[in-house]
Amino acid sequence: NAGVTQTPKFQVLKTGQSMTLQCAQDMNHEYMSWYRQDPGMGLRLIHYSVGAGITDQGEVPNGYNVSRSTTEDFPLRLLSAAPSQTSVYFCASRGQGAPSGANVLTFGAGSRLTVL
Amino acid sequence: ILNVEQSPQSLHVQEGDSTNFTCSFPSSNFYALHWYRWETAKSPEALFVMTLNGDEKKKGRISATLNTKEGYSYLYIKGSQPEDSATYLCASMKTSYDKVIFGPGTSLSVIP
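Top to bottom, those sequences are chains A and B. Taking this note's numbering, I'd label the letters of the first sequence as residues 1 to 116. Taking this note's numbering, I'd label the letters of the second sequence as residues 1 to 112.
Hint data in this document are derived by calculation from the structure and do not stem from the laboratory. Warning: the hint list may mix true and false statements.
[Stated by the list, open to error] To be clear about the criterion: a stretch of chain B counts as covered by chain A if any three or more of its residues have a C-beta under 8 Å from a C-beta of chain A, and this derived list gives those stretches: (1) 41-49; (2) 94-101.
[Said to hold, decoys possible] Chain A residues, not near chain B, derived (Cβ > 12 Å throughout): (3) S18; (4) G63; (5) S69; (6) Q96.
Since we're looking at a predicted model, the values are computed, not measured. Where is the CB? At the ideal position from N, CA and C, for every residue including glycine.
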């Protein structure tokens, strides 16, 4: 049982380049989400999805795009990378509905992105 | 309270001290409150999820309480150890299908 798998673990981009961070989970979780780690601000929600075909914006969606064509996968696309997008990105998933214990997030290992 | 807030921002304690932090969250439309432990260079890991007013949860030396009417939760660590050094995050949910929004975290350093 792999849990939540993120790739790549590390990536360096030049300003203006685009790329996709991949996230896959094998727990049949309906809910998937992307966070970025910002110093002093903890984890900020970028986008989330409550099921295949459904996505919504989080706290900091600008510059990012997502899609959810399957239950398992939730890729995050950087459309035109900027230095302000240098961060560590975490994908997380959870079950929904009762019991509430199923609602805790399971995180991937993180993807460190540097934009020059 | 409109957002999830945590205090203090950081804390330095001596090994063996007991400590506690606060998480404040919107008390209206409350469904669940989560606590996570986040060690440097690792991924956050869930500690507790609480839903009922007056809930108390315990895992080893760490415990948490919940007051949904006034919108706060306390996390307690008894007899802090260096391995407890981490950032502790809380997050609230308004429904079982809601997005999970985190507070800024409390960074704990336990000095041997």
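Exercise. Which of the listed hints are not met by the structure?
Worked result: 6
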